[in-house]
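S.K.: Each chain is listed here by its residues.
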Amino acid sequence: MKPLKLLALITVLITAFFLMYGVNEMPDWGNSSAPASTHVSPYYIQHSQDDTDAPNFVSAVLADYRGFDTLFETTVIFCAGMACMMLLRKKKK
Amino acid sequence: MTNRYENLIIEFFCRVIAPVVLLFGVYIVFHGEASPGGGFQGGVILGSGYIMLAIAYGIDFTLKRIRERIILFLSGFGVFIYGGIGAACLLWHGNFLDYGKLPLPLAHTNAIRGLGIMGIEIGVGLTVMGVMVSIYYDLIVAGGNQKENKGEVCDGILSR
Chain Z
1 MKPLKLLALI
11 TVLITAFFLM
21 YGVNEMPDWG
31 NSSAPASTHV
41 SPYYIQHSQD
51 DTDAPNFVSA
61 VLADYRGFDT
71 LFETTVIFCA
81 GMACMMLLRK
91 KKK
Chain S
1 MTNRYENLII
11 EFFCRVIAPV
21 VLLFGVYIVF
31 HGEASPGGGF
41 QGGVILGSGY
51 IMLAIAYGID
61 FTLKRIRERI
71 ILFLSGFGVF
81 IYGGIGAACL
91 LWHGNFLDYG
101 KLPLPLAHTN
111 AIRGLGIMGI
121 EIGVGLTVMG
131 VMVSIYYDLI
141 VAGGNQKENK
151 GEVCDGILSR
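So the sequence lines, in the order shown, correspond to chains Z and S. Just so you know, the numbering used here puts 86 at position 86 of the first sequence, and the rest follows in order with no gaps. Just so you know, the numbering used here puts 35 at position 35 of the second sequence, and the rest follows in order with no gaps.
In case anyone wonders, no lab produced these hints; they're calculated from the structure. Treat the hints with care, as some may be off.
As the list claims (entries may be wrong) - To spell it out: a stretch of chain S is covered by chain Z in this simulated footprint if at least three of its residues, at any positions, have a beta carbon under 8 Å from a beta carbon of chain Z; those stretches are:
| no. | stretch |
| --- | --- |
| 1 | 29 to 36 |
| 2 | 74 to 80 |
| 3 | 119 to 131 |
Stated by the list, open to error - Covered stretches of chain Z, as calculated for chain S (at least 3 residues, CB under 8 Å):
| no. | stretch |
| --- | --- |
| 4 | 42 to 53 |
| 5 | 75 to 82 |
Glycine included, every Cβ here is placed at the ideal spot set by N, Cα and C.
Please model the entire structure based on the sequences and the hints provided.
M.R.: So, in structure tokens, the structure goes:
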């Protein structure tokens, strides 16, 4: 095995060890007392109907509370399309 | 289109199902505010309905219907709609993407917020549809279209 590949393997194994070690500390799936579900999620669930008048609070979070996120997601998709166009397109003869 | 009915079953199936797919895509885009779905998913369905037609009938047939320039225009115009709605809120003394400040004749500002969400979903749907179809065109054209493969003289799709 080449030394560079061996180095890459060791790096991957060490990183995997730390990632697995970190997973143990994470809260359980669907734990209602986890920080992710006690910080802003109750606010969204309780107030999104009054704030945005959208019946589905997933779209209220997606498009209203986090509108910047979705705006630049759209921009990223647009840029990806432009990059594909630049890479794949033939030049005019 | 010399071999008009080369794949009769595939062409008939696509002809029957294409309006349903396109209508379902529009439904997903417009109903994304109230139910699971939205601009991204609806745009993908719209784009895939169009790609299905392009697979069944050939790229030349579908390029007559919607030219590539229009597809690229739509993909940029979707981002413009999204950013434009956000910037329009600035004109009426709101924050960026603060839809409630838009001067629409509705009873209360929350209904306007709902309409603003639907407006940006339309923008996202247009962008995703345009990018999907544009990538498909680029892949097809990079491999050479049908006339080039048969050895006939063809300028290529892009020079039209």
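S.K.: State for each hint whether it applies.
M.R.: Here's how the hints hold up against the structure:
1. Under a criterion of three residues with beta carbons nearer than 8 Å to beta carbons of chain Z, the stated coverage of the stretch 29 to 36 of chain S is upheld, 5 such residues being counted.
2. Counting residues of the stretch 74 to 80 of chain S whose CB lies closer than 8 Å to any CB of chain Z gives 4, so the stated coverage by that chain holds, three being the minimum.
3. Counting residues of the stretch 119 to 131 of chain S whose CB falls under 8 Å from any CB of chain Z gives 8; the rule of at least 3 is met.
4. Under the rule that three or more residues need a Cβ within less than 8 Å of chain S, the assignment of the stretch 42 to 53 of chain Z holds, with 4 such residues.
5. For a cut-off of 8 Å, the count of residues in the stretch 75 to 82 of chain Z with a CB near a CB of chain S stands at 5, and the three-residue condition holds.
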